[in-house]
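> Each number in the numbering used here comes from the position in the sequence shown (counting from 1) with 31 added on.
Worth flagging that the hints you see were computed from the coordinates, not collected in a lab.
Ideal Cβ positions, reconstructed from N, Cα and C, are used throughout, including at glycine.
Lysine-lysine pairs mimicking DSS-like chemistry, simulated, CA-CA at most 25 Å apart:
#1 74 x 57
#2 68 x 57
#3 49 x 116
#4 54 x 69
#5 115 x 68
#6 115 x 49
#7 74 x 116
#8 61 x 49
#9 74 x 115
#10 74 x 61
#11 115 x 57
Computed Cβ-Cβ distance ranges for the label pairs, DEER-style:
#12 50 x 70: 28 to 34 Å
#13 112 x 66: 31 to 37 Å
#14 117 x 70: 29 to 35 Å
#15 46 x 118: 16 to 22 Å
#16 61 x 104: 27 to 33 Å
#17 59 x 112: 28 to 34 Å
#18 70 x 121: 19 to 25 Å
#19 46 x 66: 22 to 28 Å
#20 50 x 72: 30 to 36 Å
#21 103 x 71: 30 to 36 Å
#22 88 x 112: 15 to 21 Å
#23 58 x 33: 14 to 20 Å
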Amino acid sequence: MVAYWDDIAHQTGLIISKEHYRKYIKPRQKDYFSCIKKYSNAKIYYHSCGAVYDFIPDLIEIGVDILNPIQVSAVNMSDTKRLKKEFEMILYSGVGQLTLKEYCHLGQKKMLRKKSKEE
32 MVAYWDDIAH QTGLIISKEH YRKYIKPRQK DYFSCIKKYS NAKIYYHSCG
82 AVYDFIPDLI EIGVDILNPI QVSAVNMSDT KRLKKEFEMI LYSGVGQLTL
132 KEYCHLGQKK MLRKKSKEE
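Start from the sequences and build out the full structure, keeping to the hints where you can.
Structure follows, in C-alpha cells:
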C-alpha cells in the first residue's frame with residue numbers, strides 16, 4: 032500500500048476548482064500512481080479530509096483504490112451507503128471523527144463543567 036496525503040477539500044467544499052485540479056494536479060497524480068502500479072501490486076490509499084464527493088470519480092480514474100477519511104460531517108459525505116453504492120472503491124474512515132469546531136465545542140463544555148464544579 033502506498034499512502035498519499037493531499038487535502039483537496041474542506042468541510043463545505045473544494046479547496047481547488049475542479050478545472051484547476053484537472054489541469055494542474057490530476058495529470059501528475061495519474062503519472063505517479065500509474066508508475067507505482069506498473070512496478071508493484073500496491074494499492075493507492077488517498078487521504079483527503081472534507082467534502083471530496085465531486086472529486087471521487089477523478090480519484091478512481093487515476094487509480095486510487097482506498098479513500099480516507101469519509102468525513103461524514105462534510106457536505107455530500109454523510110450518506111455512506113450511497114457513497115459505497117455509487118463508487119467502486121474502498122471507503123475507509125474512523126468512527127467518531129470530529130471537526131475542529133466540534134472538538135473545540137466539546138473542550139468548552141468540559142471546561143465549563145469543571146468551572147461550575149469548582150464554584
